[in-house]
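Engineer: Now for the letters of each chain:
Number of protein chains: 2
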Amino acid sequence: MTLQIFAATMLPAIESELRQAIAVTERLGLEELHYMLAYHMGWQGEGAGSRAQGKRIRPLLVLLTALAASPRSEVEVWQAALPAAVAVELVHNFSLIHDDIEDNSLLRRGRPTLWTQWGVPQAINTGDALFSLAHLAILRLEETAPAAALAAARTLQETCLHLTQGQYLDIGYSTRTGLTTADYWPMVSGKTAALLAACTELGALVAGSAARSHYRDFGRLLGLAFQAQDDLLGIWGDVEATGKSADSDLVEGKKSLPVLFGLEQSGPFAARWQKGPITPEEVPDLAAQLEAEGARNFTISEVDRLTSQALQALESAQPQGVAGEALRELALKLLNRQK
Amino acid sequence: MTLQIFAATMLPAIESELRQAIAVTERLGLEELHYMLAYHMGWQGEGAGSRAQGKRIRPLLVLLTALAASPRSEVEVWQAALPAAVAVELVHNFSLIHDDIEDNSLLRRGRPTLWTQWGVPQAINTGDALFSLAHLAILRLEETAPAAALAAARTLQETCLHLTQGQYLDIGYSTRTGLTTADYWPMVSGKTAALLAACTELGALVAGSAARSHYRDFGRLLGLAFQAQDDLLGIWGDVEATGKSADSDLVEGKKSLPVLFGLEQSGPFAARWQKGPITPEEVPDLAAQLEAEGARNFTISEVDRLTSQALQALESAQPQGVAGEALRELALKLLNRQK
Numbered sequence: 000m001t002l003q004i005f006a007a008t009m010l011p012a013i014e015s016e017l018r019q020a021i022a023v024t025e026r027l028g029l030e031e032l033h034y035m036l037a038y039h040m041g042w043q044g045e046g047a048g049s050r051a052q053g054k055r056i057r058p059l060l061v062l063l064t065a066l067a068a069s070p071r072s073e074v075e076v077w078q079a080a081l082p083a084a085v086a087v088e089l090v091h092n093f094s095l096i097h098d099d100i101e102d103n104s105l106l107r108r109g110r111p112t113l114w115t116q117w118g119v120p121q122a123i124n125t126g127d128a129l130f131s132l133a134h135l136a137i138l139r140l141e142e143t144a145p146a147a148a149l150a151a152a153r154t155l156q157e158t159c160l161h162l163t164q165g166q167y168l169d170i171g172y173s174t175r176t177g178l179t180t181a182d183y184w185p186m187v188s189g190k191t192a193a194l195l196a197a198c199t200e201l202g203a204l205v206a207g208s209a210a211r212s213h214y215r216d217f218g219r220l221l222g223l224a225f226q227a228q229d230d231l232l233g234i235w236g237d238v239e240a241t242g243k244s245a246d247s248d249l250v251e252g253k254k255s256l257p258v259l260f261g262l263e264q265s266g267p268f269a270a271r272w273q274k275g276p277i278t279p280e281e282v283p284d285l286a287a288q289l290e291a292e293g294a295r296n297f298t299i300s301e302v303d304r305l306t307s308q309a310l311q312a313l314e315s316a317q318p319q320g321v322a323g324e325a326l327r328e329l330a331l332k333l334l335n336r337q338k
Numbered sequence: 000m001t002l003q004i005f006a007a008t009m010l011p012a013i014e015s016e017l018r019q020a021i022a023v024t025e026r027l028g029l030e031e032l033h034y035m036l037a038y039h040m041g042w043q044g045e046g047a048g049s050r051a052q053g054k055r056i057r058p059l060l061v062l063l064t065a066l067a068a069s070p071r072s073e074v075e076v077w078q079a080a081l082p083a084a085v086a087v088e089l090v091h092n093f094s095l096i097h098d099d100i101e102d103n104s105l106l107r108r109g110r111p112t113l114w115t116q117w118g119v120p121q122a123i124n125t126g127d128a129l130f131s132l133a134h135l136a137i138l139r140l141e142e143t144a145p146a147a148a149l150a151a152a153r154t155l156q157e158t159c160l161h162l163t164q165g166q167y168l169d170i171g172y173s174t175r176t177g178l179t180t181a182d183y184w185p186m187v188s189g190k191t192a193a194l195l196a197a198c199t200e201l202g203a204l205v206a207g208s209a210a211r212s213h214y215r216d217f218g219r220l221l222g223l224a225f226q227a228q229d230d231l232l233g234i235w236g237d238v239e240a241t242g243k244s245a246d247s248d249l250v251e252g253k254k255s256l257p258v259l260f261g262l263e264q265s266g267p268f269a270a271r272w273q274k275g276p277i278t279p280e281e282v283p284d285l286a287a288q289l290e291a292e293g294a295r296n297f298t299i300s301e302v303d304r305l306t307s308q309a310l311q312a313l314e315s316a317q318p319q320g321v322a323g324e325a326l327r328e329l330a331l332k333l334l335n336r337q338k
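The listed protein sequences correspond, in order, to chains A and B.
According to numbering that gives the first Met the number 0, the first sequence is numbered sequentially starting from 0.
According to numbering that gives the first Met the number 0, the second sequence is numbered sequentially starting from 0.
With the rest of the complex left out, here is chain A:
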């Protein structure tokens, strides 16, 4: 409930700042470039609307962390942290544009991906434009939190480098054999955990908190837990509840945590996997086989371990007041948990 109250005020402010950040392309008379960005952000074109915009979890995480980590009044902290919140969401969206090209993905949030609509050249370039807009956004901390501006810009840029490391491993894994669960963590550290770690670190940085590294750990562990949970749902998820196609990860050949666990067992699952692409018809039996080999329980225990480590890191950070409660609530919501 606490989260809902914060979100009701924060989300419109985030949306408005995001629109301002990309409005510069419109002012420059580059209507189509602006339109491509607005399409990707979920504001324009067919299917525009809240589903196409995503949940804006990352900017919420920045703002709530800043509030929970600061002794100052809410209004001040808000004003200070918005450039960082917006920057993180723009980086997230930039990475989606490029990932969709790299992964040959046709759909994003239920709509055709940018490259399928405007071609690969314009999509690469539009991603690059969004990348610059993201980093220009965070430099506006100079006005709202000058002492944190340079460190925040560096943190975000190091995060982007980390994202490319995760993506580099992920692209390489698609053709590599002999992978184990040990190969999983460096990849998701970059692809998922790095940006969530940046969210909480940037919030703490703007707040001038001494607990910056605890907040960073919280975000990083939350990201790892989230990815493992997402992998679990990708094979055994309830299609109705998650909105994801439950069989897609096996059919897509995604080397997710349960799959890597299964490959390590060198049992019937691994034998089938190595024979080549899996058809949708095979999925129910193969998912059951993977579960029988222990992959589901292993993944659940990893999610539990990481979730509890994340919440422990949050506790160590000693978040303050109702914003601290909302932060905990957001973490559990991200992991599809009730408490």
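Simulated from the structure, these hints should not be mistaken for laboratory data.
Given the structure is predicted, the values throughout are model-derived calculations rather than measurements.
We put the beta carbon where it would ideally sit given N, CA and C, even for glycine.
Wrong hints could be hidden among the right ones.
Derived DEER-like restraints, expressed as beta-carbon distance ranges [said to hold, decoys possible]:
1. Gly252(B) / Val250(A): 37 to 45 Å
2. Gly48(A) / Tyr172(B): 32 to 40 Å
3. Gly266(A) / Asn103(B): 39 to 47 Å
4. Gly44(A) / Ala270(B): 36 to 44 Å
5. Asp182(B) / Glu314(A): 42 to 50 Å
6. Gly118(B) / Gly275(A): 15 to 23 Å
7. Ser49(A) / Gly118(B): 32 to 40 Å
8. Tyr172(B) / Ala47(A): 24 to 32 Å
9. Gly252(A) / Gly252(B): 38 to 46 Å
10. Glu73(A) / Leu106(B): 53 to 61 Å
11. Glu251(A) / Gln19(B): 35 to 43 Å
12. Ala47(B) / Pro11(A): 31 to 39 Å
13. Glu280(B) / Ser104(A): 49 to 57 Å
14. Pro185(B) / Gln264(A): 43 to 51 Å
With chain A held as given, fit chain B onto it using these hints.
Structural biologist: Relative to the frame of chain A, chain B by itself:
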């Protein structure tokens, strides 16, 4: 001669800093990502060497501008400006990686482009990594020129946004009809002039010069003159002298300044152009036709006009000492002129 003396000391320092800037990927154990970067920078792989590295004109421009714009001693200014010089060269190289994918280019500096060797997904991602490394490099100004660090980071990032604007127009032009010479300038302002403007502006910024906008104008006009000159050589250049294939621009269908001028005339050149791709055999006659319609003289006069405006801007900046002389020399060298 003055330029040669500076270059002999500066180029090794630039190369060493560039290597350090990308070494972080090697330290992270990402050998192949590091190798891809080192390949693109011209340090490793088949054909590595000075030709594959390019001329490093941009970082030289940063360092010479800083020297010419500062009253401080050489050693201090060097130390201060190197992060900016390196950052600009990394941005240039990042943009080449993505441009080569977008333009479907097979060769770069005489070697196979990154995407042809490692595929489009890894090449997009490696470009993104280089983008981050470039911006991390400029943030190191915090150590050498702290007062300029934030403004420099913003200038470089705005420049990157400008690059994407130029590229957006360029990609769009390839399928647009009815273009005129007026459409040329906004495109090359982004694609070529923006980064050269950033070089001279960043040099002046690090030097704390009051003539920052004059230096910026110098770089920008130099960039426009350079591009028009490059377009001239792309049709009527001496293959031996330039190392470029003289007929390539017409065969490639590049909408360069002389071509846009020719299209505006609606004469025999435009009629042939609109019929479709031009074969190498047609080039001598068509180039002569384009020249007869006035495109060559028009382009030469534009190069002359812009060169003289660039040199005037440099004079207004009042560059100091031998570095000022070297800066003028570098400008003329870039334009393939003797004086």
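Engineer: Tell me the hint numbers this structure goes against, listed in increasing order.
Structural biologist: 5, 12, 13 and 14
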